[in-house]
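Novice: The opening position of the sequence shown corresponds to residue 3 in our numbering, with each subsequent residue numbered one higher.
No lab work stands behind these hints: they were computed from the structure. On a predicted model such as this, the values are computed, not experimentally measured, just so you know. Mixed in with the good hints, there may be bad ones.
Listed next, with one range per pair, are the computed distances between beta-carbon atoms [said to hold, decoys possible]: (1) 297 with 144: 17 to 23 Å; (2) 22 with 199: 32 to 38 Å; (3) 296 with 118: 24 to 30 Å; (4) 270 with 67: 28 to 34 Å; (5) 284 with 46: 19 to 25 Å; (6) 162 with 194: 40 to 46 Å; (7) 248 with 54: 19 to 25 Å; (8) 200 with 28: 46 to 52 Å.
All residues carry an ideal CB built from backbone N, CA and C; glycine is no exception.
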Amino acid sequence: MADAALVLTQPPSLAPLLARGALLSPFKRPSPEAEFPRTRLVLPGLRVDLARLAAYERVCGFPTGEDALPLTYPHVLGFPLAMRLMSGRDFPLPLLGLVHTSITVTRHRGMPATGAYELAVWVEGLAAHRRGTEATVVTEVREGGDLVWESTSTYLTRHRTHHPARSPESAGPAEPAGPADPGGEEGRQPWSAVAEWRIGEDVGRRYAAASGDRNPIHLHPLTARLFGFPRAIAHGMWTVARCLAAHGAPDSCQVRAEFRAPVPLPATVTYGAEDGRFELRGRDDRLHVAGEVRRI
Numbered sequence: 003m004a005d006a007a008l009v010l011t012q013p014p015s016l017a018p019l020l021a022r023g024a025l026l027s028p029f030k031r032p033s034p035e036a037e038f039p040r041t042r043l044v045l046p047g048l049r050v051d052l053a054r055l056a057a058y059e060r061v062c063g064f065p066t067g068e069d070a071l072p073l074t075y076p077h078v079l080g081f082p083l084a085m086r087l088m089s090g091r092d093f094p095l096p097l098l099g100l101v102h103t104s105i106t107v108t109r110h111r112g113m114p115a116t117g118a119y120e121l122a123v124w125v126e127g128l129a130a131h132r133r134g135t136e137a138t139v140v141t142e143v144r145e146g147g148d149l150v151w152e153s154t155s156t157y158l159t160r161h162r163t164h165h166p167a168r169s170p171e172s173a174g175p176a177e178p179a180g181p182a183d184p185g186g187e188e189g190r191q192p193w194s195a196v197a198e199w200r201i202g203e204d205v206g207r208r209y210a211a212a213s214g215d216r217n218p219i220h221l222h223p224l225t226a227r228l229f230g231f232p233r234a235i236a237h238g239m240w241t242v243a244r245c246l247a248a249h250g251a252p253d254s255c256q257v258r259a260e261f262r263a264p265v266p267l268p269a270t271v272t273y274g275a276e277d278g279r280f281e282l283r284g285r286d287d288r289l290h291v292a293g294e295v296r297r298i
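Starting from the given sequences, assemble the full structure and let the hints guide the process.
Specialist: Put into structure tokens, the structure is as follows:
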């Protein structure tokens, strides 16, 4: 848990945070031993913008018009607070090139879209990774004082390191990707396809408009090339949300998802599911996302 709480009166604006993080990135010196911000950001009395929620539901494939937040939507609500922490001078990892490698979400009960919530976000710590340094960011959502939703995300910055990895499973590939396939051993046969999805070139821009995450690698081929990608890539959280929209989840559940490789846009992908687990693969059988939904 963070050392001190800073209570905000409104959600931070993402655009200046992204700009600040980009400008400060060249001056960062990432290391698992570096100091990191110990502040817990708290935003009370938050109400959901229903029009923006509907746009999110449409782009991710969730049903619209229900008085219930999709399982992944609280991540969108907490993202500006996480960005405020990760774009600051006291956060040691450069925002440019920072890769979301995994997320674990626990929802304790259903969350009405018309509810009032309190968000809390903090950096839990840094860890050595065989490809660099990984930060863990925690988000909590409370309603009426009760914890109703929480998540733990890991973000990796790649750099030369001689530190041992946190665990054998924490090795990520060279592109945005995650530690391991929670559904089985690397190289196992994929599950039978449940659906094939054709993902449009504009899905990155549509998700950015709904979520506020306007990372340039997701928006256009020209801006993606500035960061080494030949084409724009889909947001990792969009791929997880799209899988969960198809898979479904009980009100009380835990989801663990690993981002294994980026989805270039446009793309045709195959969604598979088996015994509570799900995955997304490309036409070349490349594993993009693997996850599991468990009832609690």
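Novice: Evaluate each hint against the coordinates.
Specialist: Cross-check of the supplied hints:
no., hint, in the structure
1, 297 with 144: 17 to 23 Å, "holds (22 Å)"
2, 22 with 199: 32 to 38 Å, "holds (35 Å)"
3, 296 with 118: 24 to 30 Å, "holds (28 Å)"
4, 270 with 67: 28 to 34 Å, "holds (29 Å)"
5, 284 with 46: 19 to 25 Å, "violated (42 Å)"
6, 162 with 194: 40 to 46 Å, "holds (41 Å)"
7, 248 with 54: 19 to 25 Å, "holds (22 Å)"
8, 200 with 28: 46 to 52 Å, "violated (38 Å)"
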